[in-house]
Amino acid sequence: MAYPALPHDHGGKVEQVCEHMPSTVELQTVSEVFKLMDDPSRMRIFWLLCHCEECVINISAAVEMSSPAVSHHLRHLKNGGLINSRREGKEVYYKASDTPAARLLHHAIEELVEITCPDGAGRA
Numbered sequence: 006m007a008y009p010a011l012p013h014d015h016g017g018k019v020e021q022v023c024e025h026m027p028s029t030v031e032l033q034t035v036s037e038v039f040k041l042m043d044d045p046s047r048m049r050i051f052w053l054l055c056h057c058e059e060c061v062i063n064i065s066a067a068v069e070m071s072s073p074a075v076s077h078h079l080r081h082l083k084n085g086g087l088i089n090s091r092r093e094g095k096e097v098y099y100k101a102s103d104t105p106a107a108r109l110l111h112h113a114i115e116e117l118v119e120i121t122c123p124d125g126a127g128r129a
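Residues in the sequence shown are numbered from 6 upward in steps of one, following the working numbering.
Just so you know, the hints here were simulated from the structure itself, not pulled from any lab data.
Quick reminder that beta carbons are idealized off the backbone N, C-alpha and C, glycines included.
Hints are supplied without guarantee of correctness; some may be wrong.
What follows is a list of derived Cβ distance ranges for each label pair [claimed, not checked]:
#1 HIS13 x GLU58: 50 to 56 Å
#2 LYS83 x GLN33: 46 to 52 Å
#3 ASP103 x HIS77: 54 to 60 Å
#4 PHE39 x GLY16: 31 to 37 Å
#5 SER46 x LEU11: 42 to 48 Å
#6 HIS112 x VAL68: 17 to 23 Å
#7 GLY86 x GLU24: 28 to 34 Å
#8 ARG108 x GLU31: 16 to 22 Å
#9 GLY16 x GLU37: 33 to 39 Å
#10 ARG92 x CYS23: 27 to 33 Å
Please take these sequences and the hints and turn them into a complete structure.
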């Protein structure tokens with residue numbers, strides 16, 4: 006994509022950076038992943054599923070939420086490609102997807118909790 010000439014020349018390298026700047030369309034997917042994580046409860050559910058595979062009832066108990074509320078969050082996470090599900094008889098089990106986006110998001114959550122919660126106070 007060609008970028009217009011900048012109105013001011015400050016001797017920086019913004020033109021070089023602009024040559025590599027992702028387009029709005031390319032960043033749409035990134036934006037959608039971050040929108041998925043705009044709820045702390047959804048982040049807790051995702052974090053839990055990064056560490057284990059569980060059913061809705063157990064997830065609900067673990068995060069102290071109703072099953073319908075957890076199902077709502079699971080639907081968003083699944084539609085966003087961050088979690089997978091499998092059926093075993095009548096039970097459906099959920100876990101984090103094994104994708105670069107899910108792994109990176111999990112790592113980011115862990116690092117940010119460490120940074121924002123001194124001494125790991127926020128960790129389970």
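Results for each hint:
1. HIS13 x GLU58: 50 to 56 Å: 55 Å, holds
2. LYS83 x GLN33: 46 to 52 Å: At 19 Å between Cβs, range violated.
3. ASP103 x HIS77: 54 to 60 Å: 24 Å, violated
4. PHE39 x GLY16: 31 to 37 Å: 33 Å, holds
5. SER46 x LEU11: 42 to 48 Å: 43 Å, holds
6. HIS112 x VAL68: 17 to 23 Å: For VAL68 against HIS112, whose Cβ atoms are near 21 Å apart, the range 17 to 23 Å holds.
7. GLY86 x GLU24: 28 to 34 Å: 30 Å, holds
8. ARG108 x GLU31: 16 to 22 Å: 20 Å, holds
9. GLY16 x GLU37: 33 to 39 Å: 37 Å, holds
10. ARG92 x CYS23: 27 to 33 Å: 48 Å, violated
Hint compliance for this structure: hints 2, 3 and 10 are broken, all remaining hints hold.
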